[in-house]
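Engineer: Here are the chains, one letter per residue:
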Amino acid sequence: MKKQFERPYIKKIRAGIPSKFGMSVHNEPVTHIDNNPVPELIKQFGSPLFVISEKTLRETYAIEKRAFQTRYPRIQLAWSYKTNYLDAVCRVFHQEGSWAEVVSGFEYDKALGNNVPGSQIIFNGPYKTEEELRKAIGNDSFIHIDHFDELYAIISIAQNSDKKPKVAIRVNMDTGVYPMWDRFGFNYENGEAWDALNRISLDNNLELVGLHTHIGTYMLSTDAYKTAMTKLADLAARVEKKHNKSLKYIDIGGGFASGNTLKGAYYQGRDIVPGFDEYAEAITSALINSELNPSKLPLLILETGRALVDDAGFLLGTVIANKRLSDGRRSTIVDTGVNILFTSFWYEHEIHPAKSTSDHLEETTLYGPLCMNIDVIREAVAFPLLRKGDNFVIKRVGAYNMTQWMQFITYRPNIVLIDMEGKAHLVREAENLDSVRGNERIPDHLK
Amino acid sequence: MKLKRNIAVSESGFLFDPTGGESYSLNEIGLEIFNLIRDRKTADEISSQITSEYDVARDDFEKYYFDFVGMLRQYKLLEDEE
Ligand SMILES: Cc1ncc(COP(=O)(O)O)c(C=O)c1O
Chain A
-10 MKKQFERPYI
0 KKIRAGIPSK
10 FGMSVHNEPV
20 THIDNNPVPE
30 LIKQFGSPLF
40 VISEKTLRET
50 YAIEKRAFQT
60 RYPRIQLAWS
70 YKTNYLDAVC
80 RVFHQEGSWA
90 EVVSGFEYDK
100 ALGNNVPGSQ
110 IIFNGPYKTE
120 EELRKAIGND
130 SFIHIDHFDE
140 LYAIISIAQN
150 SDKKPKVAIR
160 VNMDTGVYPM
170 WDRFGFNYEN
180 GEAWDALNRI
190 SLDNNLELVG
200 LHTHIGTYML
210 STDAYKTAMT
220 KLADLAARVE
230 KKHNKSLKYI
240 DIGGGFASGN
250 TLKGAYYQGR
260 DIVPGFDEYA
270 EAITSALINS
280 ELNPSKLPLL
290 ILETGRALVD
300 DAGFLLGTVI
310 ANKRLSDGRR
320 STIVDTGVNI
330 LFTSFWYEHE
340 IHPAKSTSDH
350 LEETTLYGPL
360 CMNIDVIREA
370 VAFPLLRKGD
380 NFVIKRVGAY
390 NMTQWMQFIT
400 YRPNIVLIDM
410 EGKAHLVREA
420 ENLDSVRGNE
430 RIPDHLK
Chain B
138 MKLKRNIAVS
148 ESGFLFDPTG
158 GESYSLNEIG
168 LEIFNLIRDR
178 KTADEISSQI
188 TSEYDVARDD
198 FEKYYFDFVG
208 MLRQYKLLED
218 EE
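Those protein sequences? They're chains A and B, same order as listed.
Under this note's numbering, think of the first position of the first sequence as -10, with each following residue one higher.
Under this note's numbering, think of the first position of the second sequence as 138, with each following residue one higher.
Simulated from the structure, these hints should not be mistaken for laboratory data.
Treat the hints with care, since some could be wrong.
Straight-line alpha carbon distances no greater than 30 Å define the calculated DSSO-like cross-link-like pairs of lysine-lysine that follow [stated by the list, open to error]:
hint, chain 1, residue 1, chain 2, residue 2
1, A, K234, B, K178
2, B, K141, A, K252
3, A, K252, B, K200
4, B, K141, A, K312
5, A, K153, B, K139
6, A, K(-9), B, K200
7, B, K141, A, K0
8, B, K213, A, K312
Heads up, incomplete: computed chain A residues facing chain B, CB under 10 Å, no partners named [to be verified]:
hint, residue
9, M(-10)
10, F(-6)
11, E(-5)
12, P(-3)
13, I(-1)
In this text, a Cβ means the ideal position worked out from N, Cα and C, and glycines have one as well.
Starting from the given sequences, assemble the full structure and let the hints guide the process.
Structural biologist: Structural data, given as structure tokens:
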């Protein structure tokens, strides 16, 4: 088959060129994080350093909650552990009232460790072992079934158990956004989801409690959510009609975009990303306008990840060196590599100096410190003329970095949380030689 | 048609023109065409290559091709034609 054709284009990178209004594009410094001077944080906790703002976490949560609560009477957030499962972060969200959304036995145990009751844990994902399923059933957790093999495994566990598993199915569907995420769950259009719902409804040993979808991540289209909710509500209404059973909840998953800019995107993320209000409007209107019985409307569950936590995370770093490449381009080596900033593979991260600089910006390639060609933080950024030892701040790194980072070539750094009063707490200690070597074993003949 | 000699282009489609001091980014197809032009392929050869590889009709492609070449010219990335 032939490859898909895209219009060829070449785009001038307008980094640092004065805008048409004659103003230079100044890179504003980020000197403090919640009243803590950046150099002080680095002096105390080292560089690089992840910093999380508890204030931003709570404020963002409140904005999302308000956006949905003002439009629909029954909502529940479930914190997506994979997005950031640092206990301190999870506990902030649990304090705010969030349930836990987990996708592995490890994440499940982490949620229990954070004192989340089993009955407030949503267990998603394509791979749950039989042991994990038994545990989740024993704890009255919600199990979101991904495929028929899993459904039959649960049926067989339920036959010899005094507990009635609470199950939902994950549904995938065409929402008008491509590529379509059809690898998780049961398909709506080909009738597979309906088959699974009928199979579950006929089984007296299972309790069908809800429907789930997660249509993708960094979704810029609110229409896709409207479509998804319309299709889920349709399934729920058919269950209501045929099996005379109202589902307890509809879980629309995560996927709201954060203010980061995707690589190659023309517009800045923060200028084009829909706000919580726009997502909420699309989702709740589809639910309210559905065929569902208005006196028994389901709980609306949200598994928002990146949009809740990205803004609260900062990565502080230090310039190691400046160089010129063979063709005269400027390059700067910094101590924040792709090993700790996994999202630099997707995003053009916003980077600010930690102190004010001249207006002169130079087109710069920012390299991480690893001796690896892939270690590029920004391929071309209009960057102020920082010198060796200067500090900088990378914004919006709260999602997926502190979980997907790699121990590679060097150690993972400290993470601090700045509390509501502006006090910094170490919440994850940097690795050292012992923590990295601790799991290694040396065979006798090599000792 | 000839590209200016000292233009540097990376595998990811980042292009730098040291004469003008400007940087550019190319998408995948842009990069492929750019490299074909650099290899001194004719418009005809480029058209055959791209249409055999991608799902696009020949005259459709040529429209995009000339638009693309126009941008290269506008950005002064081509040598003056003799
Ligand atoms: C099932 C599920 N729910 C929620 C999320 C969170 O997604 P996001 O960070 O895009 O909001 C994910 C992320 O992959 C997911 O797989």
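Engineer: Now, for every hint given, state plainly whether the structure supports it.
Structural biologist: Now the hints, each set against the structure:
1. A:K234 - B:K178: 67 Å, violated
2. B:K141 - A:K252: With Cα atoms ~27 Å apart, K141 (chain B) and K252 (chain A) stay inside 30 Å; holds.
3. A:K252 - B:K200: At roughly 27 Å apart (the allowed maximum being 30 Å), K200 (chain B) and K252 (chain A) satisfy the hint.
4. B:K141 - A:K312: 25 Å, holds
5. A:K153 - B:K139: 73 Å, violated
6. A:K(-9) - B:K200: Within the cut-off at roughly 19 Å; holds.
7. B:K141 - A:K0: 17 Å, holds
8. B:K213 - A:K312: 27 Å, holds
9. M(-10): It holds, given that the least Cβ distance between M(-10) (chain A) and chain B is near 8 Å, below 10 Å.
10. F(-6): With a minimum Cβ separation of about 4 Å from chain B (threshold 10 Å), the hint on F(-6) (chain A) holds.
11. E(-5): Holds, about 6 Å.
12. P(-3): 4 Å, holds
13. I(-1): 5 Å, holds
Of the hints listed earlier, those the structure fails to meet are numbers 1, 5, in rising order.
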